[in-house]
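Asker: Just so you know, the sequences run in chain order A and B. Sequential numbering from -11 applies to the first sequence in the numbering used here. Sequential numbering from 12 applies to the second sequence in the numbering used here.
Keep in mind that a hint or two might mislead.
Claimed, not checked - With a straight-line cut-off of 35 Å between C-alpha atoms, the simulated DSBU-like cross-links for lysine-lysine are:
no., chain 1, residue 1, chain 2, residue 2
1, A, K24, B, K284
2, A, K205, A, K9
3, A, K177, B, K284
Stated by the list, open to error - Pair by pair, the computed Cβ-Cβ distance ranges are:
no., chain 1, residue 1, chain 2, residue 2, range
4, B, F149, A, P22, 25 to 35 Å
5, A, H303, B, I362, 52 to 62 Å
6, B, F149, A, N175, 39 to 49 Å
7, B, E274, A, N78, 20 to 30 Å
8, B, E274, A, E139, 27 to 37 Å
9, B, L121, A, W129, 29 to 39 Å
To be verified - If we take Cβ atoms under 8 Å as the criterion, some of the chain A residues that face chain B in the derived model are:
no., residue
10, L62
11, Q91
12, R94
13, P96
14, N107
15, A108
16, L109
17, L112
18, F156
Source of the hints: derived by calculation from the structure; they are not laboratory data. Note that this is a predicted model, so its numbers are computed, not measured. Ideal placement from N, C-alpha and C gives every residue a C-beta, glycine not left out.
Letter by letter, the chains look like this.
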Amino acid sequence: MTSSILSSARKTQSNDRYYNKALLEIKNLIVEYPVKEGNVRAIDDVSLTLYRGEVLGLVGESGCGKSSLGFTILKLLKGGVIRSGEISFNDINLVTIPEGEMQLLRGPELSMIFQASQNALNPLQKVLNHFIDTLKTHYRWNDESWQKILELLNRLEIPESRLEDYPFQFSGGMQQRIVIALTLILNPKLIIADEPTTALDVLVQARLLEILKEIIKEYDLTVLYITHDLGIVAEITNRVAIMYAGQILEIGDTQTIFQNAAHPYTRALIEAIPNVKDEEKKLLSFIPGHPPDLRNPPLICCFADRCSYSQDICHSKKPQSINLNFENGVQHKVKCFIYDDRYGHLFDQK
Amino acid sequence: MGSLTRFVITRIALLIPMIWLLVTIVFFLLRVLPGANPALVMNPKLTNEQVELISESLGLERPLIEQYFDFLIKTITFDLGVSYRTNIDIATELGLAFGPTLMLSVFGVLIGVPLGIVMGGVAGAHRERYLDHIIRLFTIGIYSIPIFLVGIFMQMFFSYFIPDIFRGNPTIYAILKEIFPPVSLMDAGNTGEFNHYTEIWLIDTILSFRLDLTLDLLTHLLMPSLALGMLIAGVIARQVRTNMIYHLEQEYVHFARARGIPENVVKYRYALKNSVVPTIGLISLQFALLLAGAILTETTFNIPGLGRFLFQSLQEKDFPAVQGVMVLFVIIVSIVSVIGDVLYALLDPRITY
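Working from the sequences, and respecting the hints, build out all of it.
Answerer: This is the structure we're talking about:
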């Protein structure tokens, strides 16, 4: 069914390379945006672990809270409030850390790659000065810094001669490379990549993904890759988390998710990938209905209204996260009553 | 930079048709306005012969088109005629009046622009918080109160009420009286005591090595410049605040923060610079408006500048004088707006021509 994607998917590497040392641990995180009518719950009880050296895809529709999660980790959330939960990065609790210390962590420890579609770079500043400002914020400037910039430019195939140019003089793809270079120049341990290739055309996107993949390996980066594009997920990630209405509905090994998606929402997402070879799937399919209103959400399964498997139980209780076991041993969690031993029998007739 | 040089040259070359067009409008406007024929309204006691004599001396009985070309040729040589009121060559009058106005405008801008940028930047960075509300209230207030009222209030407070509080202490009283003189550009009698090289007295007093007079001049300029400065600051602050709010939402601001760049740098070096550069057009326009005579301020503070000259000429229907002032305004506003455009192109690399 998903062979077209899997054919391009990289083979899952031996699991023990990853999944032993956690770099980032999020526990029961709740983030809300206070609005006039109450609170919009952008992140609803999210628990997530990022292991050193892995690329975790965070997939979801627009407005599901994936970008909010990225900004929350960096503590740059505008207008949002962390109601409860814990974000621990390298045993530092980011929720309680003072802003002054957090600012020092941003850049050399954890950073974010932005989508370079609109003003990701200061329009009145030369590209070189972006690098200089970034480096000078965290390190003393010396000859090595200069070497570092040149090396990275070379690595990302940005011509050195263009350092004196202003951002508006670059193409979208080139701007995106500069954005990536500006993030990498500080050698961050954790990178949150928020749809970095979405605004680019497919060829530029493919080349950039290729470079990104190589760099992730070379620099031993841990990446939280936020996207809505399952093709990119198959291309670049080791594990995937499926986010919906502020919750993580399923998380597991990328290959397993594409082959054996457990959650009905994940299955529907994968079904929705068009396939030009398959006559039946040439038409774009979609999931009927729309995501629930996040203002004061009811305590039921958030996908129940759109789920083709839903039973009464789904409309009366909130499902808990359940561990599934697959033979490759990677932890796989899903929030659905179908896999709950106590309620599974209710779905037998389907 | 080749394109920039070309742009500057083009803009300067375009000045000539622009000034010609505006001067033409001034000429015809002054001739179609009610009361345009000054000879008819000057003095009801004039006899017909006298009126005709005046009309003839102004060439008003000739065909309009002939008058127009005559006017154009004379304007090019800066021969603006003779004032009815003072019987002095208008070009000379304007030369005398330009100095005080220039000083007032420069100081007004020097006070108003930084004040406006700081207020706008702080208000934008503290959006919808106390500082923002206070600054917005101030800018709206200063903009909605007529400038002459602000001037009068300042004169009342700084020249009378506040010194009066210190009446018991003669030293402080004298100093306050000295710093905040209520009117005019210099203490009476001082104007004759230095060489008038340029008629820009600030330069003249320094060139004449009379720094005591420079200081006297500066204290006299303080209050009117402050009044004008606050007015400009209000306009600029509102514009900068709006731009600031826009720029603080931009991706580059978030991205800079994500790289750990300190908040002050992000706000006041990145966002504020981006917010200020587009206001250069506004600033140059404000400056041009000031140069074109802050009529109310100059009248309130009794400063012998272009504004007061225009006001007095209008009152007495001094037709050639009004026309001369208008021609000068046209030239000033055109030149300053070109300077503003060039400055904008220099500061924003995205502007290419």
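Asker: Provide an ascending list of the numbers of those earlier hints which the structure does not satisfy.
Answerer: none
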